[in-house]
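Chemist: Listed in order, the protein sequences are those of chains D and W. Per our numbering, residue 1 is the first one in the first sequence, and the count goes up by one each step. Per our numbering, residue 1001 is the first one in the second sequence, and the count goes up by one each step.
Hints are computed from structural coordinates only; laboratory data are not their basis. Please note: incorrect hints may appear among the correct ones.
[What the hints assert, rightly or not] Some chain D residues close to chain W (C-beta under 8 Å, calculated; not the full set): (1) 47; (2) 51; (3) 223; (4) 252; (5) 253; (6) 267.
Quick caveat, the model's predicted, so the values are computed rather than measured. We treat Cβ as the ideally placed atom computed from N, Cα and C, and that holds for glycine.
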Amino acid sequence: MANPLHLRAEVLRCVPDGAYHRLVLRAPGVPERARPGHFATLAVGGPDSAMLLRRAFSIHRADPEAGTIELVVAARGAGTRRLAAAEPGESLDLIAPLGTPFPLPDGPVSALLVAEGHHSAVLFGLAAEIQRRGGQVGFILGAASADRLLGVAQARELTRDVLVLTADGSAGMAGQVTDPLAQAVGAIEASVVYAGGPIPMLRAVGEIAAELEVRSHVAVEAAMACGVGICMTCVLPVVGEDGVSRFVRSCTDGPVFDGARVRWADIGTVPPDLEGAAAMGVS
Amino acid sequence: MQPQDVDLSAPLGSTVLPNPLSTAAGCAGYGRELARFVPLDALGTVTTKTIMPYPRSGRATPRLAETPSGMLNSIGMPGSGIDAFVRQELPWLAERGARVLVSIAGERLEEFAALVERLNGQPGVAGIELNISCPNTADRGLFFASNPATSYDVVRAVRKVTDPELPVYAKLSPDVTSITEIAAACVQAGADGLSMINTALGMVVDLETMRPALADGTGGLSGPALRPIALRCVYQVHAAMLAERIPPVPILGMGGIRSGRDALEFTLAGASGVAVGTALFNDPGAPLRILDELRAELAARGFAKYTDAVGLAHRPL
């Protein structure tokens, strides 16, 4: 388990980037602790807010020297709209870092980083770590439309190997990130795929990687109430090291999972062979 | 009266705790995650999530829906079962000086009794809370707490085999016709206290899928939205105790407590302890904050002792 801090974080900047907002917070102590894949949660409003559940965001950047972190806010409901409208100078209730980060390679590897929409936010710190270890990265970034792409320029600063796809063809090629995945793995001779995105996309990435016999590490974004491991709402069915499938928490065991261990097809069900399924009357 | 001079000691059955604050069952796991935010020995008690005899996966996702000032959950009491709890979790809690109110549930009377027999004499256990809001497989799947006779039977079966030193609390559901009748049955069966209340059943419909938002259709409503109902339940049961229709036992009040003011409301309505649940999801540091706020609220009203405020909302005009 991560060792998070809970603090009032001052908003330094909140600037739009396409359909999203980049939110920079002064969070002393957090950047030193943050690793690629960690996430942060923010409370919405003050102690009387009618929105009780914290909103979770990948830590996009962590700058220990400045004492800041950057989150990418995709406004989807009333809570995230409120956070996307944060003004410099106001303070937000922050808990970070949370979760289990990406496993990092010991030495130089070639890695393919794949993301849809704002989910790419989780991959850039990882890319820098891989490069620091002498490895190389390629990116496949996709979205529904051009305004929903995040970090294309950032990716191009890190590598020439950047593929961009949009569903409507408004930027890059028309299609899904999974369309060129197998070919891209071959082109950069990737031995590992890292991904962030919605569940159906991560499922497809996990399955393609398994077929190609390369490892995949995927960061999920599950609905959660607390982010710290106490509410038990954010579970996924995952095969453990011992071969037994269990519901495990995305917030503490994840958000990063081995793409080959998540039972993607069983999400939203209680599969009969899951530990403890018999007690639910499932057989 | 200065806040630091207020005596916060509070009863758990016939035992005395340093303060009235607990976590609510199912909202703090087994304490490990919360301990990163709150020293567990600073709480009156730590109530565990409900422990059952066997491993249980819990329900399918989505298990959660946010609602105005609250949330619905349909978690389904997941856990590794009593063996893993006694072996791995309880010793860890005891080492940290936590006073543990162990929430238990079974689907048959014998399961409740067998659970208690595993907990008798274990270090760290301060009491037992019976989650009788789970389906009773012997009674067409109805909750034990939905009827006075089945509530009586569970409490009696458990009290008979529980270490006499350990208080047994029954946790009541608001989804009943008369909560005072259920409360009376529990106390007559030997309950040393009542935990009030569990969640109330609710629903959210997802307008994108045009289906219920939760995988299981319905879920338990918790959070401040539930608070007026919880206060009403505590008030009614305390009133029945004052009217000698129920023998007096301590009430552990819960349902949307988020601040010291909320805790004081429950206390005035008749609770002599308070538990924090959903507020932990918003603010895992809430227990210590609420204790500080409660101390200040009591001091501001001239109370030297927390227990002096219990039930004062019932005093004659």
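Chemist: Is the interface hint satisfied for residue 47 (chain D)? The criterion is a beta-carbon contact with chain W at less than 8 Å.
Modeler: holds, 7 Å
Chemist: Measuring from the C-beta of residue 51 (chain D) to each C-beta in chain W, is the shortest one below 8 Å?
Modeler: Result: holds, 7 Å to nearest chain W Cβ.
Chemist: May I ask you to test the interface hint for residue 252 (chain D) with respect to chain W, counting a Cβ-Cβ separation under 8 Å as satisfied?
Modeler: holds, 7 Å
Chemist: Per the CB criterion, is residue 267 (chain D) less than 8 Å away from chain W?
Modeler: holds, 7 Å
Chemist: Hint check: is the beta carbon of residue 253 (chain D) less than 8 Å from a beta carbon of chain W?
Modeler: violated, 12 Å
Chemist: Next item in the hint list is residue 223 (chain D). Is there a CB on chain W closer than 8 Å to its CB?
Modeler: holds, 6 Å
When held up to the earlier numbered hints, the structure conflicts with hint 5 and nothing else.
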